[in-house]
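Peer 1: First to last, the sequence lines map onto chains A, B and C. Quick note: to get my numbering, add 223 to the position in the first sequence (first position is 1). Quick note: to get my numbering, add 97 to the position in the second sequence (first position is 1). Quick note: to get my numbering, add 4 to the position in the third sequence (first position is 1).
Because the hints were derived from the structure by calculation, they are not lab data. Any given hint could be a false lead.
Said to hold, decoys possible - EDC-like mimics (lysine to aspartate or glutamate), calculated; alpha carbons at most 20 angstroms apart, straight line:
id: 1; chain 1: B; residue 1: Lys240; chain 2: C; residue 2: Glu8
id: 2; chain 1: B; residue 1: Lys240; chain 2: B; residue 2: Asp380
id: 3; chain 1: B; residue 1: Lys232; chain 2: A; residue 2: Asp259
id: 4; chain 1: B; residue 1: Lys240; chain 2: C; residue 2: Glu48
id: 5; chain 1: C; residue 1: Lys63; chain 2: A; residue 2: Asp259
id: 6; chain 1: B; residue 1: Lys232; chain 2: A; residue 2: Asp264
id: 7; chain 1: B; residue 1: Lys662; chain 2: B; residue 2: Glu630
id: 8; chain 1: B; residue 1: Lys232; chain 2: A; residue 2: Asp302
id: 9; chain 1: B; residue 1: Lys240; chain 2: C; residue 2: Asp166
id: 10; chain 1: C; residue 1: Lys63; chain 2: A; residue 2: Asp302
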Amino acid sequence: MTVVREEAAGPGTSYRFTLNGEPRELSVPGMRRLLDVLREDLGFTGTKEGCGEGECGACTVILDGMVVDSCLVPVCQVDGSEIRTVEGLTEAQNAALNPLQQAFLECGGAQCGICTPGMLMSAQAYLEDGGSADEDGIREAIAGNLCRCTGYTKIIDAIEAAALSREVDA
Amino acid sequence: MSDRVPEPRATAEGPVVLAPPAPGEVAVPTLGRAVPAPLRREGREKLTGEAKYTDDLVFPGAWYGATIRSTEARARLLGLEQDPDFDWSKVVVMTAADIPGDNVISVIIDDWPALVEDEIQHVSQAVALVAAPDKATLREAKKRISLRTEPLPPVFDPLESEHQFAAYEITKGDPAAAFEDAAIVVQGEYRVGHQEQLYIENQAMIAEPRPDGGITITGSMQCPYYVHSALKQALGLSDEQAVITQAETGGGFGGKEDYPSAVAVHAALLAQRVGKPVRMIYDRHEDIASTTKRHPAIVRYRSGISGHGRLIAQDVEVIMDGGAFCTLSPVVLSRGVLHAGGPYECENVHIKGRSMATNTPPNGAFRGFGAPQVGFAHEMQVARIAHELGVSPAKLRERWVYREGGTTPSGQVLRESVAGLEVLREATTAADYDDIYELSRQTRSVRWGQAAEAGAGFNSTRMRSASGIGIAMGWHGAGFTGSGEQRMGSTAGVELGADGVIRLLIANTEIGQGTNTVMPMIVAEVLGVEPAEVELAPIDTSIVPNSGPTVASRTVMVVGGLVSKAATKLRALVEERSGGTFADVYRADAEAHGATRIDQQYESEVEVAFDDETHTGDAYPAFGWACDVAVVDVDLDTGEVRVRSVVSADDVGRVIHPLLAEGQVEGGTLQAVGYGTIEEMKVQDGRYLNDRLATYIIPTSMDAPDITAILVEAPFSGSPHGAKGVGELPMNVAAPAVVDAIHDAVGVWITELPATAERVLAAMESDE
Amino acid sequence: MTAEPLVVSPANLDEAFALRAEGGWRPLAGGTDLMVQLEADVAEPPERVLDLWRLAELKGISTDGYEVSVGALTTYTELRHSPIISARLHALAEVAATVGAAQIQNRGTIGGNVCNASPAGDTLPVLLAVDAIFECGSTEGIREVPAREFWTGYRQTALRDDELLVRVRFAVDRSRHTRFRKVGTRAAQAISKVVIALSYKDDHGTWRNVRVALGSVAATTIRATGAEAVLEGSRPRQAVAEEAARVLAEEIAPIDDVRSSADYRRSVSGRILHRLLREEGGW
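Chain A extracted, bound-state conformation (with noise of 0.2 angstroms):
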């Protein structure tokens, strides 16, 4: 669902960019910032905002296959982009979790649940770009995003197997 906010409408600029794979066109002043237009534009609200600053990554997307805190990005920047939101990991809603998902689900990688759709993201670029079941490179790839709950140690555990399935497959 495409919701344009008419009071957000800029000076005619419009800003087109792919969404979990779906083309979206939005006319919004170009420095409003992606994770205001994720959530509020499109009601994409599975990313969320912990510090608006860049430091907990709570709203980490994937632009362009990398891993971004959309709090710092302006959307005059994504004109063209890939966009990949924890909302993209299922095939369609009610569908099955992705095996990185299976993994947290199994492992207890999530708690209270704000930090994890951003740290889901992190884990997927990390296990896209071919990250291995190795614990000091999963710490350094979600180093980006805090969580208070976990204690990381089962978010650890849940990429490693995750990773460890994906080899597996392959």
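Go by the hints and put chains B and C onto chain A.
Peer 2: Same frame as chain A, but now just chains B and C:
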């Protein structure tokens, strides 16, 4: 993932240890040891982005609310200045004069104003509220309001404050005489600073006016009925007019026990005035700058040891900084005082504590609730004593730790469920403590010599860093102190709905710890059904009874007990009425008889014999016990401390869900590591300097040690399945274990938390 | 009522220079500094923002064999993965690995770090230590400013209001060794308490053209000329290292701030330099 039944590692009578599952395995049996532990009830939603936290919710037509706060620590408020060049007809501004009910956020005593009337008492105190139809207008309006004030002299030092929130004193035996007999007396003063809970979801409330003149609150919280109470009082509403619902909540740790009432009242005041929903969502800066934190404390400790190495005397003074308003200070102090002796038998103990007001933001609940503060002190004392005596810190604790039948400073006899020895053995075994400590001890003089040399000048030694191993123990009284539970008289219910669905009616919230998964397991076991057949009624005060707050590690122990009893009664009723086993007949029973609801109010299992005035008697139904072993590396050039590993053995009475229980130990341990090393809150002129996430430093995945959680079970007869609570216990232990390890590494004692690189290097340079 | 800033994304550098020449345009690279500042809302927001993100002329790393030229829009991730940087100035790749974490490294740029001129800017000491040249472009052409003249005050640079930083150049031959060390507030996502770069030409064991540059100990990134003088023409061993470290600790005037203390910064700066000298000196 394979299922595996953990082998109990002790006799049937003694405590049982649940071995942690191997990597890739899911720990399985729980309650009856035969039923697999279910996956997190709301896990899927949290993993797909479907879970709706407060700021995710859409309320059409909602306005946005903000708080105008003081920038001075103490001042007379003369008035509000509103820039005449701004169109104020577009927004709503409210001050204390506009509050329809009592101008108070009620907690224990009513000293906390919702909005300043005459006197500002701390930086970032709420003075006025603004609401606007959109964020841009709100931001502009905020900038156009200023405060007219007259400064007053503030008090920042709790030692100089004359305003006391609470004081307690406990005496056991004759400490003065015992000190006379002591062969060795070790004395120290320990300081711990603020700690910010740093839940990753900021405080958030949305208030919506109701047709009946009331307000519905939807928000991030631990205790809906606390918010309910505060709302009724500040807005003059009835029980029915104030409706509180909890949205998915992104962490609490105590920080969403007391403070949410303020946010809710503020949002509600605006909503009532505007006539539309009002969203009050804090940003991180406001959240850190103005919300309640862990009480800083000064702990002065004297320990007397006999010639035979027995602990024969303790004298402890605890001074806590409560901030400007009382909030929960008396209860935090109470727990601190009751735990200050540590988990060690001692015949002669004197503990005196006081909580003082200062012109800083009020402090409040944070996991551990007074115990981590005194825990640092009592463990550093034991560490120093062990060093002085030349004995292994583990062996000393083994000698001193309570046994069953021991007596606490308040005079409580520990009749059952005592697992100090067990957690000590489990942690030291898993961490190979004895061997590593011995090796470390042998190389100590070389290592400390090099560290001293590195500290004295530039580091020309062979060593770049030094490693050390440390140990600490802790204890945590389960549930509310003394007669708290009795006074509260919580009620929980189980209902067999007319629709044939079994529902849990509790006000205890899921905040990540697993309430939504574990509570249905408890009820399901009693009813003989699958946990998936037990649903949870929405956390809504118009639907669920007041089963008490989600604090004090009481949910499973106390509320679990209530729902167990209710479920037992429900099962008996249905089986008698419809014949057959509950699992087989309940749906038909619902069709035939309609809804059946059983409420159970709290009645004390054991005699509560605690005198609040004198703080004597049975303070808690039971205690949980923990032991941590930490390994650290200290960089000899910079004093930076790298915590490599922590093994934490925690006795929780009975593990209901191993994965969730481990999660609590792991998370609590890392928070305690942060408390011990990098979470420093600098305060200047009553203002928090570290008021952004860039400056208030919590551990990232690269800072976090390897954490090994070992769950030990010393069941408690007074709760369902013997559970005693797991949420807070781990918080009390890791910090002193780390500081002990720093001492082992470089030979310096850090007596003030956090043990930052600055403090460690300064200690190394001063060579004390 | 504050409107959101107007932003324009020029298609090429000439367009960008033309806009910049008009005045009143705030340049935007990866946003990791500017977006934080806008959100914090402490200063007047800019009215007009010049989005440089698409400008190909500001990207890419090249070398003519002697000099290395780094586009201002080069991200930390690109610095980390660049074979040229790895071979020619590995310290710069090491710096990039200490900035933030993956999300920041994918967006933060060397140009942003240089122009933001934070006293704690992590790439700045390394650039200062290798005598980097900053190419400042405008409608009038390219003006070269050496690093040691670029940071003029607290968060102030020699960049004119009509200029944009286009490229960063440095010349390092095989005999030049550059080391870097940052002491942060934690292991990742950390602002530095002390950050130091040491660079020297190894002339058959004798050190020449020694540079010691530090951040987070002054209002700007600085050169510790006293320590450099001790090391210049020396063969660092323990005595020289101690003298240099001692002089360094005395010549800097750090402050207490939210992150650390003056005492710690003073002490650790000397200690880190000493460590680097030990490692380079091989004793």
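Peer 1: Next, verify each hint and record whether it holds.
Peer 2: Tested hints:
Note on Lys240(B) and Glu8(C): the hinted pairing holds, with a Cα-Cα distance of about 16 angstroms set against a maximum of 20 angstroms. For the hint pairing Lys240(B) with Asp380(B), the CA-to-CA distance comes to about 16 angstroms; that is within 20 angstroms, so the pair holds. For the hint pairing Lys232(B) with Asp259(A), the CA-to-CA distance comes to about 12 angstroms; that is within 20 angstroms, so the pair holds. Pair hint Lys240(B) plus Glu48(C) holds up; C-alpha atoms about 11 angstroms apart against a cutoff of 20 angstroms.
Taking the CA atoms of Lys63(C) and Asp259(A), the gap is near 28 angstroms; set against the 20 angstroms cutoff, the hint is violated. Proximity of Lys232(B) to Asp264(A) is assessed by CA-CA distance (about 14 angstroms); at most 20 angstroms being required, the pair is judged to hold. Taking the CA atoms of Lys662(B) and Glu630(B), the gap is about 18 angstroms. The hint holds against a cut of 20 angstroms. A C-alpha spacing of about 25 angstroms is found between Lys232(B) and Asp302(A), which places the hinted pair above 20 angstroms, so the restraint is violated.
A hinted pair counts as satisfied when its Cα atoms are at most 20 angstroms apart, and Lys240(B) with Asp166(C) does not qualify at roughly 31 angstroms. The suggested pairing of Lys63(C) with Asp302(A) holds, with an alpha-carbon distance near 18 angstroms, which does not exceed 20 angstroms.
Hint violations for this structure: numbers 5, 8 and 9, all remaining hints satisfied.
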